[in-house]
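From first to last, the protein sequence lines are chains H and Z.
Per the working numbering, the very first residue in the first sequence carries number 1; after that it's consecutive.
Per the working numbering, the very first residue in the second sequence carries number 110; after that it's consecutive.
The set of hints was computed from the structure by calculation and includes no laboratory data.
These numbers were taken from a predicted model, which means no experiment stands behind them.
It is possible that part of the hints are untrue.
DSS-like cross-link-like pairs, simulated, lysine-lysine; straight-line CA separation at most 27 angstroms [said to hold, decoys possible]: (1) Lys2(H) with Lys42(H); (2) Lys79(H) with Lys45(H); (3) Lys42(H) with Lys122(Z); (4) Lys2(H) with Lys45(H); (5) Lys45(H) with Lys161(Z); (6) Lys42(H) with Lys79(H); (7) Lys139(Z) with Lys161(Z); (8) Lys42(H) with Lys139(Z); (9) Lys139(Z) with Lys45(H).
Only some residues are given here: those of chain H computed to face chain Z with a beta carbon under 10 angstroms [what the hints assert, rightly or not]: (10) Arg41; (11) Glu43; (12) Leu46; (13) Ser49; (14) Tyr70; (15) Lys96; (16) Leu97; (17) Val98; (18) Gly102.
Even for Gly, the Cβ is constructed at its ideal location relative to N, Cα and C.
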Amino acid sequence: RKEVEQDPGPFNVPEGATVAFNCTYSNSASQSFFWYRQDCRKEPKLLMSVYSSGNEDGRFTAQLNRASQYISLLIRDSKLSDSATYLCVVNTGFQKLVFGTGTRLLVSP
Amino acid sequence: DAGVTQSPTHLIKTRGQHVTLRCSPISGHKSVSWYQQVLGQGPQFIFQYYEKEERGRGNFPDRFSARQFPNYSSELNVNALLLGDSALYLCASSLETGVREQYFGPGTRLTVT
Numbered sequence: 001r002k003e004v005e006q007d008p009g010p011f012n013v014p015e016g017a018t019v020a021f022n023c024t025y026s027n028s029a030s031q032s033f034f035w036y037r038q039d040c041r042k043e044p045k046l047l048m049s050v051y052s053s054g055n056e057d058g059r060f061t062a063q064l065n066r067a068s069q070y071i072s073l074l075i076r077d078s079k080l081s082d083s084a085t086y087l088c089v090v091n092t093g094f095q096k097l098v099f100g101t102g103t104r105l106l107v108s109p
Numbered sequence: 110d111a112g113v114t115q116s117p118t119h120l121i122k123t124r125g126q127h128v129t130l131r132c133s134p135i136s137g138h139k140s141v142s143w144y145q146q147v148l149g150q151g152p153q154f155i156f157q158y159y160e161k162e163e164r165g166r167g168n169f170p171d172r173f174s175a176r177q178f179p180n181y182s183s184e185l186n187v188n189a190l191l192l193g194d195s196a197l198y199l200c201a202s203s204l205e206t207g208v209r210e211q212y213f214g215p216g217t218r219l220t221v222t
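Could you build all of it, start to finish, from the sequences and the hints given here?
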């Protein structure tokens, strides 16, 4: 079983739609969680950290469910510029980040 | 403020050769991590360095080595290159070890022929 699993997609949505991605992780001792965004052939960029209480940043909302070991990202009012790959990232506590394979989002006009 | 910088941006090498990749972290960041990203996959952790000491190592062969300098910049070395080493090599910096948010450089795209 992979340490971090994501649906690779692609998710094709029209502008203005709401889309949600889920991610599961296998190590119950994982300590911190993040969503990164990666555009084609570019480096990953930190989108947001994910806190136990959930957190929101504009159109983006992240949730963490430790009991079920999953993390979610909700994007409201999708923009064309949101088209990218979204990487779920977990700190397993061994001085490293573990990345999922990413979920590809395509927002169309 | 400059972000994480890496050099070179692209590199083509032949099987069996050696390569050195370089990274300068964000000013004030003391920890540098290296990742390998092959096409269609997420980045895979190779090393983390903090205050010139190795603090973490991923599941990579001994052909991969790294070091960190007093100015916190870092080098990743790969010996005896294989075709499978072709990938985007990413450097990430963070304030300290303990892996809070990490910020990535643009990467070095290595092609082994």
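Results of checking the hints against the structure:
no. : hint                     : verdict
1   : Lys2(H) with Lys42(H)    : holds (24 angstroms)
2   : Lys79(H) with Lys45(H)   : holds (18 angstroms)
3   : Lys42(H) with Lys122(Z)  : holds (21 angstroms)
4   : Lys2(H) with Lys45(H)    : holds (22 angstroms)
5   : Lys45(H) with Lys161(Z)  : holds (25 angstroms)
6   : Lys42(H) with Lys79(H)   : holds (19 angstroms)
7   : Lys139(Z) with Lys161(Z) : holds (9 angstroms)
8   : Lys42(H) with Lys139(Z)  : holds (24 angstroms)
9   : Lys139(Z) with Lys45(H)  : holds (19 angstroms)
10  : Arg41                    : holds (8 angstroms)
11  : Glu43                    : holds (4 angstroms)
12  : Leu46                    : holds (5 angstroms)
13  : Ser49                    : holds (6 angstroms)
14  : Tyr70                    : violated (17 angstroms)
15  : Lys96                    : holds (4 angstroms)
16  : Leu97                    : holds (6 angstroms)
17  : Val98                    : holds (7 angstroms)
18  : Gly102                   : holds (6 angstroms)
Consistency note: the structure conflicts with earlier hint 14 alone.
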